[in-house]
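S.K.: Next come the chains, spelled out residue by residue.
Number of protein chains: 2
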Amino acid sequence: MRNICMTVSYDGTAYCGFQTQPNQNTIQDVLERALLSLTGETIKVTSSGRTDAGVHARCQVINYFTASKIPVERWCMALNTLLPADILVSGAKVVDDDFHSRRAAVQKTYRYTIRCGKHPDVFKRHLEFYHPTPLNTEEMRAGLEYLIGEHDFTSFCSIRSTKLSNIRTVYEARMECELLDPILQSYAIHIYLTGNGFLYNMVRIIAGTLIQVGEGKRSSESVKDILDARNRASAGPTAMSHGLTLWEVLYR
Amino acid sequence: MRNICMTVSYDGTAYCGFQTQPNQNTIQDVLERALLSLTGETIKVTSSGRTDAGVHARCQVINYFTASKIPVERWCMALNTLLPADILVSGAKVVDDDFHSRRAAVQKTYRYTIRCGKHPDVFKRHLEFYHPTPLNTEEMRAGLEYLIGEHDFTSFCSIRSTKLSNIRTVYEARMECELLDPILQSYAIHIYLTGNGFLYNMVRIIAGTLIQVGEGKRSSESVKDILDARNRASAGPTAMSHGLTLWEVLYR
Chain A
1 MRNICMTVSY DGTAYCGFQT QPNQNTIQDV LERALLSLTG ETIKVTSSGR
51 TDAGVHARCQ VINYFTASKI PVERWCMALN TLLPADILVS GAKVVDDDFH
101 SRRAAVQKTY RYTIRCGKHP DVFKRHLEFY HPTPLNTEEM RAGLEYLIGE
151 HDFTSFCSIR STKLSNIRTV YEARMECELL DPILQSYAIH IYLTGNGFLY
201 NMVRIIAGTL IQVGEGKRSS ESVKDILDAR NRASAGPTAM SHGLTLWEVL
251 YR
Chain B
1 MRNICMTVSY DGTAYCGFQT QPNQNTIQDV LERALLSLTG ETIKVTSSGR
51 TDAGVHARCQ VINYFTASKI PVERWCMALN TLLPADILVS GAKVVDDDFH
101 SRRAAVQKTY RYTIRCGKHP DVFKRHLEFY HPTPLNTEEM RAGLEYLIGE
151 HDFTSFCSIR STKLSNIRTV YEARMECELL DPILQSYAIH IYLTGNGFLY
201 NMVRIIAGTL IQVGEGKRSS ESVKDILDAR NRASAGPTAM SHGLTLWEVL
251 YR
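Taken in order, these protein sequences are the chains called A and B.
So in full-length UniProt numbering, spot 183 of the first sequence is number 183, and the numbers just go up one at a time.
So in full-length UniProt numbering, spot 52 of the second sequence is number 52, and the numbers just go up one at a time.
Any given hint could turn out to be false.
[As the list claims (entries may be wrong)] Where chain A lies over chain B, by a calculated footprint (3+ residues, C-beta under 8 Å): (1) 5–13; (2) 82–92; (3) 122–131.
No lab work stands behind these hints, which were simulated from the structure alone.
Ideal Cβ placement from N, Cα and C applies to all residues, glycine included.
Using the sequences and the accompanying hints, generate a full structural model.
M.R.: This is the structure:
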């Protein structure tokens, strides 16, 4: 048996998230069906972490064990011919047997994208949360700063979470503004969050809270108070899933 | 009756082109249904030009006559609530009765996009033609130069065209290369063509021919010979429609 690690990109629009669920169409199901059809083996795929329904991945990392003799450099092409156009595998290597794509991940980056302006961008409608009025990006940036470092992120975690500890470290939190499209009269705000791990809905609740900061409904300083409150009710709403992309996963 | 001019963006993936066709789903049909539902009038929409099945528009221009009293600044919002998410109207103004969105257009720009690299970009799979091997962009750029100016574009026109004259002027022909994505190991080539008018399939045949130049199957100089031949058979294949976007239409 070999342990194979692969990089997967997906447009999550059509899927009920990464992880297998009863009677749902998930990324994991589609990957495992493609692996079954390629190898004849019933293979269980492990990922760096689940993504919610509608969330995308530029770079999800998976691993699985197989007895198949297919050379590692052939896995991508072979699988891509079996996968639908919205899921793509773009890298494969043999890793040590003790490699586990979730446990070995030391750092993850998520990106949340908000489109502001008179109109959404038709070509990115599945990838950007559309907000019709302008947002105060300077205030949002200031709010984002409070999240950097080790904190108890209970306020930014779904009450459905079952994790024992809500303490996580955010290494980097930054915002990029993409220029106005002269035709669509719009601009995109990308929020990048890098940390050692993220709680259930954490990035989406942070995005939902920062949107309120950008709207002037909350001050940037309130982000610190929300952290201190350790209470989900103190934060803003969970922003819609389609603006979120798992951007990068780093390993030792 | 007022003559109203609007800007329309659409993702052409799900449509059989702009223009109404029997038993087909077209952009024009969807726009006219939305206008009927908004105004109660059977309105015929005129565009700056038809686009083929699967072709997109960043900025298509349409006009139509209506007796409706809806203030012009309300048309966009009212129509967008009735239109599907892949069609968006982003500008509306009242124009002179003799304005005709096709006849008054003095300049059009199309963009054709090719993605080169080990893998396609999952998020732009509907918007980019994927070419797995690298292309010689310098040769393509040199080939593109020959198209600038007034020429008989018969070689770059579908034999199904019914136009009397195939003489058109290309004002600008340029290429932009978008940087490599480190994860997807890919880059995009955007070909922009600006002219006073384009023949049936003209941009797609130019793109198909330039791809062959980039592959080394033809020299850049052959583009001049193809023009001189005035024979569709001398040019390359018609590149796939989903890489093409109507980028801009200019009026006097």
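S.K.: Kindly indicate which numbered hints from before are broken by the structure, ordering the numbers from low to high.
M.R.: The structure breaks none of the hints.
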